[in-house]
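Assemble the whole structure, with the sequences as input and the hints as a guide.
Residue numbers for the sequence shown follow the numbering used here, beginning at 1 and rising by one.
Just so you know, the hints here were simulated from the structure itself, not pulled from any lab data.
If you're wondering where the values come from, they're calculated on a predicted model, not measured in any experiment.
Heads up, some of the hints might be wrong.
[As the list claims (entries may be wrong)] Below are the DSSO-like pairs computed for lysine-lysine, each with C-alpha atoms no more than 27 Å apart in a straight line: (1) 109 to 163; (2) 109 to 165; (3) 165 to 126; (4) 215 to 126; (5) 126 to 109.
[Claimed, not checked] Have a look at the derived ranges for each label pair, beta carbon to beta carbon: (6) 219 to 240: 15 to 21 Å; (7) 118 to 248: 22 to 28 Å; (8) 219 to 57: 29 to 35 Å; (9) 133 to 234: 18 to 24 Å; (10) 269 to 243: 16 to 22 Å; (11) 212 to 117: 30 to 36 Å.
Virtual Cβ for every residue (Gly too), placed ideally from N, Cα, C.
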Amino acid sequence: MMDYGGNDGSGAGGYGSPSPSTPGGSSRTRKGYDEQNLVPVTIRMVLNAEMPSCILADGREPHQVKLVAAVRESTPGSTNIMYTVEDGTGKIDVKEWVDSDSDNTAIVKLRERAQNDSTYVRIIGKITEYEGRKEIIGYSVRPVSSGNELTHHFLEVVHSAEKFKSGNQIVGAPTNYGAGMNTSGMGFGGNGIQPQSVTPVKQHGMTENSGNDIKKALFDYFSNNSAPSDVGTPLLPFIQQTSATYTESQIRQAVTDMSSEGMLYSTIDENYYNLV
1 MMDYGGNDGS GAGGYGSPSP STPGGSSRTR KGYDEQNLVP VTIRMVLNAE
51 MPSCILADGR EPHQVKLVAA VRESTPGSTN IMYTVEDGTG KIDVKEWVDS
101 DSDNTAIVKL RERAQNDSTY VRIIGKITEY EGRKEIIGYS VRPVSSGNEL
151 THHFLEVVHS AEKFKSGNQI VGAPTNYGAG MNTSGMGFGG NGIQPQSVTP
201 VKQHGMTENS GNDIKKALFD YFSNNSAPSD VGTPLLPFIQ QTSATYTESQ
251 IRQAVTDMSS EGMLYSTIDE NYYNLV
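Take a look at the structure:
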C-alpha cells in the first residue's frame, strides 16, 4: 500500500551532490522511450524510495518526478540554487543548476520569484542520494500559477498510484476519482479531499486514431525543435502550422494528455513545453 505521508519528516540532502549531467562524469545508458516516465509524487514518497535503484514503495521506478511544495529556504550560488521545500508530508532539498550567461530574462524572473519563502513551486526533477540523504536535482523549479495546482497535484498523485495498482495502462479521465480513498494522510490539516466523479469528454470530430496522430505529430515537432534552454519550445507555431488539419482545442487536449502520460511538461507557461 502506498504511503502518501502524514508524518512530519526531514530529508535534507547534501549541498555537494553532483549533477546527473556533469561533464566528464560516467556515461549512462539512456532509458527506453516507454521507461522515460514522469511520476507525480509527494515528498514522503521520495523519502521512502529505495536507493540507488530509485524504486517507490509501490514498485514504480520513476525516470523523473513532479511535486508541488512550499519553499522554506533558498540559497543561491554561482552555479546552482539550493531550495528546502515541504508539502505537508515531509521536507527535502532541491538543487537547481543555473547558467547565468545563457538564461534569458523570463527564466531569471521566474527563478527570483521561486526563491521567495513560502512560495509554492512546481518541481520537475530526478531523485538522487548524497551521503545517505535523498535530494532532488531540479530540472525545472517554477512558481505555481494558482492554488489550484496544489490541489490538482495531490489528486494526480492519488490517481497515478491507483492506476498503477489496477494495472490499467489506458490514460483517460478517472471516474469516482476519490471514492473509497482516504487522502487525509496528505497533511494540510488532515482534511480528506473528496472530488466529484469526472466524466471523460470527447472532442468534437476527434476520434481515438486522430488523437494518436496529433500526439505523434506533437512528439515529432518537439523533438525536431527542442529549445537549447529551459524556456521550452513554443506550442503556437505548431497550432498555426497544422490549423488546416487540427483545431486548437484538439491540439491542447492532446498536449494535456501527453503531460498526464509523462511525455511533456510545461515550462514558463502553458504555451511552452519540453519533452521529458
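Which numbered hints fail: 1, 2, 7, 9, 11
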